[in-house]
Amino acid sequence: MPHEVIMPALGMAQDTGLIVAWHKSPGDTVNIGDVLFEVETDKATMEVEAQSEGFITQIRHYAGDDVPVGEVIAVIDESTEAVHTDETPTGTSAPAVEVPKGAEVIMPALGMAQDTGVIVAWHKAPGDPVTASDILFEVETDKATMEVEAGRDGYVAALLVEAGEEAPVGDAIAVIAAEKPANAVQLSRHVQSAAAAKPAEMPEARPESTQDAAPTKIAEPAIVAEGSKILASPKARRLAQKQGLDLNRLVKAGVPQPFHVSDLETLKALPDEKTASATATLHISARADAHGFAAFADRLAEKGAATGVVWAAFAAASLRATEANGGIVVRLENPLLGQSALFNDPDQTPLSAVAPCEAGAPRIILRDLTASRITGLSLTCGDTPVLTVTRDAKGYHLALDFTETQLPGDAAIRLIEGVAARLDEPSRHLL
Amino acid sequence: MREITLSQAVNEALAEEMRRDDTVFIIGEDVAEAGTPFKVLSGLVEEFGTERVLDTPIAEPGFMGIAVGAAMTGTRPVVDLMFGDFIYLVMDQLCNQAAKTHYMSGGKLNVPLVLRTNLGATRRSAAQHSQSLHALVAHIPGLKVALPSSAFEAKGLMKTAIRDDNPVVIFEDKLMYNDKAAVPEEEYLIPFGEAKVLREGSDITLIGTSSMVQVCQKAAELLSAQGISAEVIDPRTIVPLDEATLLGSAKKTSRVIVVDEGHQSFGITGEIASRINEKAFYHLDAPVLRMGAMDVPVPFSPALEDLTVPTPEGVVANARKLVAGEMLHAA
Amino acid sequence: MSRAKKKHNAEDYLRMYRQMVRIRTFEDNANQLYLSAKMPGLTHMYSGEEAVAVGICEALRPTDRITSTHRGHGHCVAKGAEFKQMFCELLGKEEGYCRGKGGSMHIADQSNGNLGANAIVGGSMGIATGSAFSAKMLGRNEVTVCFFGDGATAQGLLYEVMNMAALWKLPVIYACENNGYSEYTRTAEIAAGSITARAEAFGIEAHKVDGQDVLAVNELTRKLVERCRKGEGPFFMELETYRYHGHHVGDINREYYRSKEEERDWKENRDPIIRFRAWLAAEGIATEDEIEAMNAEIKDDAAAAVEYALNAKYPAASEVDMHVFTDVKHVMA
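Chains as they are written, first to last, in the UniProt record's numbering: chain A, 1 to 431; chain B, 1 to 331; chain C, 1 to 333.
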């Protein structure tokens, strides 16, 4: 059985060994204990002895080669039959491929701390003629890809490394011959070093325990801080997120940080911002000519209908026209006199028959300030939209105070416009 | 129930186990007739003889090594290390030999050994007789570490330790040897890795070890008077550590202070705080606070020494800050 | 060379020879595994010291105990271990004696009384003494041999435990394998005075013996073991021997502490195997052919065991947190 001579691991932290000299040649007889070669590591030079007897049948790495630990550098066999006397240092394992003679092209050291280079591409094929300045190959180190020139004239006799393969700096990667070779070859490093014994499989990385596997997304609140990070306890953040509370509002409210769970009570007690905007009082004002209504009012007065009742009917009709469904109770107020009265659907009864009702939630308040000196106003409404009527020499002024929740903006526009139009042309109401 | 001192409780545990199992023996300095300087072992040599209560030369690595070898070959030594401070002397035998033998032998050799020693400052004994070094050994895989907080705990944990097939280090607080507690006459064992909730509370959890359990209990009383409800937990063994109980309480109260007499840096308090931080983070309403011994050699002068260890008042002050939501370490 | 004693039969002699060759063969293979980068870690070769381990262990019963050292392959083989589990251990495989958790420096066949190889120099002296203590306490009539090197005599632990062993008359034999070098330093440079006198200071009977003469070692050990069993221990033996390799396999450049001539002299003129082989032939106990056949058989055994170990399974990843405690299956679970 052939015995492989392997580059030994000699030092405590040694990756490669440099063969200093061979004491045996192919075909030589060896006995156990014979010095085979000298190897240099970072620490020292050492003679390596043969561990089996027989004949040197192959030498795969020669003096000057820096060989990775564990790589086969020679073979000792029981007979001389398999002797390879090939002097090229290219380490071809059986079946041997004969590498033509010539000048070696060496993997260049390009970086400061570069041990190997990867052949990105060969620009020449085996057998191609080359001149010294021809780009022979591209090599990649950790820093960059570089084109390398052939460096001499001749023919590519052998490419010892395939594109994509890595080779140690200083290793021969090609051979350039002076004469055109008959047998130019392309080799692979894999072929050259495929002899190492296959070790048993290493265990797979320890599987993570199931609870660690597949990191489940933690429902940590994505509270968007406005401007800067909010300081809050993890629990306060978690509960705020769970309950849909926005810690930014505590910041705005001036509550000191860091926030704790107890601050969430404060947060809950803050008025809701949406409600706040929805509860903001909005205002619309309008004007109407007084002449048309004066004549109309005089006629109705003859039939016993008061002016305020007519306005209540106008307001109810205008509100109903905004597609408000159901009964409409109108409260008529005169703050100066301290009077108020409720009317239920005043627009649905002949004006002369409209009478106050006992109770009901008003949907609109009609504030009559025509007898005052007030010419315009903008107040906060309560639970109900308020339409205020004032008067000056030119006519009526209408002012509607409402909130978004009571009336959408366009309904409010139609409401006040409806009332103003009826005041302008009261006879339309009758139609 | 009768009350006995911690010292008597340890003595009873050893006597009971030595009667039960002929392979149990005690080895250490002045353990026989002297019964140790703390008189914990008084009377044992009269009952069990000098074959099983062995006085050694003052040679801690030597008798520790002998105990390791004896434990590997069929006996159950209880090593008496007079002061916890001497644990540095036995580190190779304890940490390189006892702790690793089961593992290095692929589970084929056991080291059923107990190392009994002590911890605790404020005995005016200065820097080399006052240290609490349990974190050193808790760091080493293969060693179990028990920290009894009362006479009751000391007896039950010692008996469990002696029956354990692994090396166990028990640290008794040398200031508690005369502290009495109710200890039943009938036999009992305290399982390792089961924390004890000594007081239930809802506002904050105080985790204390060894004599710091008493500190936490006292702090909880003071806090209660101030309307703060504190839960007090004694882990009893730090290896193995009953994480579930500690985490459960942390989740319940959302605030935790860990109190231990070892130096605060790189110690038990940091380890427990870190585990709570990792596993109960989203339940915390305040940072988990460590309260260990000051990071200084223990000084001699009472005026200085008393400053170095956690006190009930210190725990109360910190607990109040946590509950009030104060920022403890403003950036 | 000691003269043959009538009470030894040929089988004993051949077994001693076989065990020495097994150790040498094991080490040659271990060395090759290391050099060819097939073996992880570090290893310390016992080659050259075979007569010490074999001479002593052949005087012991399987129930007697030993503690071993970082240079422990020889003790392990001599105390009855098998190649297969040993090579598996060396390569970190599941079937190793320590399930791959010990490796070269902690290799031990625990079932044959080997309490483990210790990688702390002098680390096992307490363990050996404690083993002798429990044997005495439990009345088991077993002897413990504590193997250690000359370098370990510098450790204070030795003097603490010899003191107690002497005080308590423990059945322990301290076997100092003096191979002349304390790691990379000549022993004369680290050890003042006499080594045996150290033991004698405690009133321990101490002997110095040629550690390359397996019969001399065996004869002395038999006597001391017998006396230990009668309660006359402890004893101390200094065995003069030599390590052929460096302190460890990577210690190749040794000329700064010892010469090649010195190494050659020990190998050629004092090799325990060569000497004993010559004696066996001279005494007519075995023919050259029989010895060659034995050597070849051992070589084949070793090669097969190496092959087996190379292909054996590594421990499963789940083993990593097992055996930290006896009662916790997976400590990280």
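Since the hints were made in silico from the structure, they are not lab data.
Hints are not guaranteed to be accurate.
[As the list claims (entries may be wrong)] In silico DSSO-like cross-links for lysine-lysine, where the CA-CA straight-line distance does not exceed 30 Å:
1) C/84 to B/108
2) C/267 to C/313
3) C/267 to C/84
4) A/101 to A/229
5) B/180 to A/242
6) C/329 to A/24
7) A/242 to A/268
8) C/208 to B/108
9) A/24 to C/223
10) C/299 to C/38
11) A/24 to C/208
12) C/260 to C/84
13) A/242 to B/279
14) A/268 to B/252
Computed from a prediction, not measured in an experiment: that's the story for all the values here.
Restraint check for residue 180 of chain B with residue 242 of chain A, where alpha carbons must lie at most 30 Å apart: Not OK: residue 180 of chain B and residue 242 of chain A at ~49 Å, beyond 30 Å, violated.
Satisfaction of hint between residue 108 of chain B and residue 84 of chain C, Cα-Cα up to 30 Å: 18 Å, holds
30 Å limit on alpha-carbon distance, applied to hinted pair residue 242 of chain A and residue 268 of chain A: 13 Å, holds
Please work out if residue 299 of chain C and residue 38 of chain C have their alpha carbons no farther apart than 30 Å. Holds: residue 299 of chain C and residue 38 of chain C sit about 19 Å apart, inside 30 Å.
Taking 30 Å as the top limit, are the C-alpha atoms of residue 268 of chain A and residue 252 of chain B close enough? 22 Å, holds
Are the Cα atoms of residue 101 of chain A and residue 229 of chain A separated by 30 Å or less? Not satisfied, since the Cα-Cα distance of roughly 72 Å exceeds 30 Å.
Check the hint pairing residue 267 of chain C with residue 313 of chain C against an upper bound of 30 Å on the C-alpha distance. 37 Å, violated
Decide if the proposed pair is consistent with the structure: residue 260 of chain C and residue 84 of chain C, CA atoms, cutoff 30 Å inclusive. 34 Å, violated
If you draw a straight line from the CA of residue 24 of chain A to the CA of residue 208 of chain C, is it 30 Å or shorter? Distance of about 44 Å is beyond 30 Å: violated.
Does residue 208 of chain C pair with residue 108 of chain B here, judged by a C-alpha cut-off of 30 Å? 35 Å, violated
For residue 329 of chain C and residue 24 of chain A, compute the direct alpha-carbon distance and say whether it is at most 30 Å. The hint is violated at about 56 Å.
Run the distance test for residue 24 of chain A versus residue 223 of chain C: straight-line Cα separation, threshold 30 Å. 51 Å, violated
In terms of the numbered hints stated before, the structure departs from hints 2, 4, 5, 6, 8, 9, 11, 12, listed from lowest to highest.
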